[in-house]
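Heads up: the sequence lines are chains P and Z, in that order. What the first sequence shows, in my numbering, is residues 1 to 444, in sequence order. What the second sequence shows, in my numbering, is residues 1 to 300, in sequence order.
It is possible that part of the hints are untrue.
Negatives, chain Z to chain P, calculated, CB over 12 Å [said to hold, decoys possible]:
| hint | residue |
| --- | --- |
| 1 | Val-23 |
| 2 | Leu-33 |
| 3 | Arg-78 |
| 4 | Gly-84 |
| 5 | Ser-91 |
| 6 | Arg-98 |
| 7 | Gly-99 |
| 8 | Gln-102 |
| 9 | Gln-114 |
| 10 | Asp-137 |
| 11 | Ala-143 |
| 12 | Arg-217 |
| 13 | Val-250 |
| 14 | Ala-260 |
Heads up, incomplete: computed chain P residues facing chain Z, CB under 7 Å, no partners named [what the hints assert, rightly or not]:
| hint | residue |
| --- | --- |
| 15 | Asp-15 |
| 16 | Trp-238 |
| 17 | Thr-394 |
No lab work stands behind these hints, which were simulated from the structure alone. Predicted, not measured: the structure shown is a model, and the values here were computed from it. In this text, a Cβ means the ideal position worked out from N, Cα and C, and glycines have one as well.
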Amino acid sequence: MPATNDSLSAPVPIDILRFNTCGSVDDGKSTLIGRLLYDSKSLMEDQIEALERSADITGGGQINLANLTDGLRAEREQGITIDVAYRYFATPRRRFIIADTPGHVQYTRNMVTGASTANLSIVLVDARAGVIEQSRRHTAVASLLRIPHLVVAVNKMDLVGWSEQRFREIRAQFEEFLPRLAIQDVKFIPLSALNGDNVVDPSPHTPWYVGPTLLGHLETVHIASDWNLRGLRLPIQWVNRPNAPKDPALHDFRGFSGQIAGGVVRRGQRVLALPAGLLSTVKQIWTYDGPVEEAFCPQSVTVVLEDDIDVSRGSMLVGLEERPGFGTDLRADVCWMHTRPLQAGRKYLLKHTSHTEQAVVTEVVSRLDMGTLEVQPSPAHLAVNDIGEIRLRTARPLFHDAYGVNRLTGAFILIEPGTHATVAAGMLQASSEAVRPEGAEYEI
Amino acid sequence: MTNYHLDHLQHLETEAIHILREVAGEFERPALLFSGGKDSICLLRLAEKAFRPAELPLPFLNVDTGHHFPELNEFRDRRAAELGARLIVRSVKDALDRGIAQAAPGEISRNRLQIPTLLAAIEEFRFDCCIGGARRDEEKARAKERFFSFRDAFGQWDPKNQRPEIWNLYNARLNQGENMRVFPLSNWTEMDVWEYIRRERLEVPSIYFSHRRRCVRRGGQWLPANDLVPPKPGEEVRELTVRVRTIGDVVSTGCVESPASTVDEIIAETAAARVTERGSRADDKASEAAMEDRKKAGYF
Numbered sequence: 001m002p003a004t005n006d007s008l009s010a011p012v013p014i015d016i017l018r019f020n021t022c023g024s025v026d027d028g029k030s031t032l033i034g035r036l037l038y039d040s041k042s043l044m045e046d047q048i049e050a051l052e053r054s055a056d057i058t059g060g061g062q063i064n065l066a067n068l069t070d071g072l073r074a075e076r077e078q079g080i081t082i083d084v085a086y087r088y089f090a091t092p093r094r095r096f097i098i099a100d101t102p103g104h105v106q107y108t109r110n111m112v113t114g115a116s117t118a119n120l121s122i123v124l125v126d127a128r129a130g131v132i133e134q135s136r137r138h139t140a141v142a143s144l145l146r147i148p149h150l151v152v153a154v155n156k157m158d159l160v161g162w163s164e165q166r167f168r169e170i171r172a173q174f175e176e177f178l179p180r181l182a183i184q185d186v187k188f189i190p191l192s193a194l195n196g197d198n199v200v201d202p203s204p205h206t207p208w209y210v211g212p213t214l215l216g217h218l219e220t221v222h223i224a225s226d227w228n229l230r231g232l233r234l235p236i237q238w239v240n241r242p243n244a245p246k247d248p249a250l251h252d253f254r255g256f257s258g259q260i261a262g263g264v265v266r267r268g269q270r271v272l273a274l275p276a277g278l279l280s281t282v283k284q285i286w287t288y289d290g291p292v293e294e295a296f297c298p299q300s301v302t303v304v305l306e307d308d309i310d311v312s313r314g315s316m317l318v319g320l321e322e323r324p325g326f327g328t329d330l331r332a333d334v335c336w337m338h339t340r341p342l343q344a345g346r347k348y349l350l351k352h353t354s355h356t357e358q359a360v361v362t363e364v365v366s367r368l369d370m371g372t373l374e375v376q377p378s379p380a381h382l383a384v385n386d387i388g389e390i391r392l393r394t395a396r397p398l399f400h401d402a403y404g405v406n407r408l409t410g411a412f413i414l415i416e417p418g419t420h421a422t423v424a425a426g427m428l429q430a431s432s433e434a435v436r437p438e439g440a441e442y443e444i
Numbered sequence: 001m002t003n004y005h006l007d008h009l010q011h012l013e014t015e016a017i018h019i020l021r022e023v024a025g026e027f028e029r030p031a032l033l034f035s036g037g038k039d040s041i042c043l044l045r046l047a048e049k050a051f052r053p054a055e056l057p058l059p060f061l062n063v064d065t066g067h068h069f070p071e072l073n074e075f076r077d078r079r080a081a082e083l084g085a086r087l088i089v090r091s092v093k094d095a096l097d098r099g100i101a102q103a104a105p106g107e108i109s110r111n112r113l114q115i116p117t118l119l120a121a122i123e124e125f126r127f128d129c130c131i132g133g134a135r136r137d138e139e140k141a142r143a144k145e146r147f148f149s150f151r152d153a154f155g156q157w158d159p160k161n162q163r164p165e166i167w168n169l170y171n172a173r174l175n176q177g178e179n180m181r182v183f184p185l186s187n188w189t190e191m192d193v194w195e196y197i198r199r200e201r202l203e204v205p206s207i208y209f210s211h212r213r214r215c216v217r218r219g220g221q222w223l224p225a226n227d228l229v230p231p232k233p234g235e236e237v238r239e240l241t242v243r244v245r246t247i248g249d250v251v252s253t254g255c256v257e258s259p260a261s262t263v264d265e266i267i268a269e270t271a272a273a274r275v276t277e278r279g280s281r282a283d284d285k286a287s288e289a290a291m292e293d294r295k296k297a298g299y300f
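With the rest of the complex left out, here is chain P (with noise of 0.2 Å):
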């Protein structure tokens, strides 16, 4: 076994920026995904060649750069349901990892799979129509995700007549709505992805826009605090013990596996077991690299702690500092995905961190009409697509934090039981209760 650590440790400069882009179907997505591709000489020759001669034959020698997404066409025009694909590029300074969600069909459910692990999202507008109903509601759901960075793309500037006065327009459309939103960073980005305008190099025709050109922001945007380092969560996924060890030294062993989901463990430190509400120390971290004094979110470790205590799959361990709320009375905001609509009294498996609960929803409390992003209060069910606010119980305590401070504890999806499809995405707000450990030891 090495001793040293260098594959957990070493900082190495290029990282990866996860993020989807949505807007409606003729917004110009597939040729803006085209256009990032080509122009960051992300395309294998064979691609180019099939782009040319899908050019030769119906295009009459002009490029389409939608076509680089055919796979989609091609289910399109066998009325196959469209779902999310995933492309991949680099450029010296970052990997990318695009969720191409299309944006018509089971849009909320494709949107919500493509966005939930993004660091950002690309909503594209067409300059001539300006902020539509679909607009709105890529960036709720792009907001209720808690999705740290947001782009608007305003497309087909070219369309305009590079219009300044456009570009202002669009933008205060926006931000007369982005106030009710959860997003904190917005960047609006003049474009023409037909063109290649401020994709990857910058316009002639945009000298009143001095921000970068989309590619530049993918590059540059600072990803590196988007993870939760305040509090420690460790939802256990397997007990590691060896069966057989050769090395003496392991017979006792018994390690807690899990992906770290929130905050930094360090060897030594007091930590809580739930649901047993046991303290203990962590005796270990063990890694294959070799143990190590900390470790963080979101890498996964083997803890190994100083008491045998009752922790098993499903369990979580958790720092002293910040704790989590628990409780059987839940409140969330959910997309339905599912065409069997939610009613309250419905029965769900619920699936949180690595554990999964028993779950009646007990109450819908609202839904949030697309439209106007206005709250409608007990609607009678939430159908597919929609949005809305529930109560649910569970059979036993779920300990949590809410959606907004930690997006790994505060997920959890709804399976329906039989079919068991994934029915729904939830958000957990906060409870009221935060947990206690047992035993007087225990000081705040």
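Starting from the known structure of chain P, fit chain Z onto it as the hints suggest.
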């Protein structure tokens, strides 16, 4: 203040480890598909990182088409033994003999015949989950695949009706007879795989590196000339300095001309392939250099 920063490989690594542990936690009888190819070599290291110091909690499964490169099978058997893992091999030939799979008239490739062989193995061992090394950047259909890819009782993927996959909350629920394919490397690119092999100093089979081989020109590719791929009259046969970029059967694996004999050189070649592709646009399509680059890229 310490620098709490993960680079791209560390991100991909922790994502994959989390997925492997979810498999161990959620499924009764998982298996890991191990061919000895570069992607499944990365999977093995990730499994070690996920489950050591304990034993790997799942056996390895490989479908032997009978057309494998011998170097690959030797490597597969040796690595499984070194890791103390149970290796299950089920062969297409055996499936043909037992009537589990039927070859179409004149069908030489055993690509298609792997499928019934794999499904029979899943049934035989009642595996509820098979972990594979497939990546989304490989091709368009794969770009739409989930990490946890649900298969019905016939082993079918239904792209029309995939479960939404949100955050890192994977729905692993199955009914009797259904099973799951799980792809921890979904977000990895070819470049990531080679960089990970370099960082982890992983051994890979010798055929990934430059070597001399007698090849036959067929369908725009250099195929390894052997008993299964006998040169037909009029086909060009040459001894070349080649390596393989991706490994399938000996009847279908194109060799690329390459002097790359180390992992560093393969990484440089992979990166350079992008650089030449930058230049080789429609305008210089007809030039000699572009043709050569295309051969080097060796893409399907």
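| query | Which numbered conditions among the earlier hints are violated in the structure presented, ordered from lowest to highest? | reply | 1, 4, 10, 11 and 17
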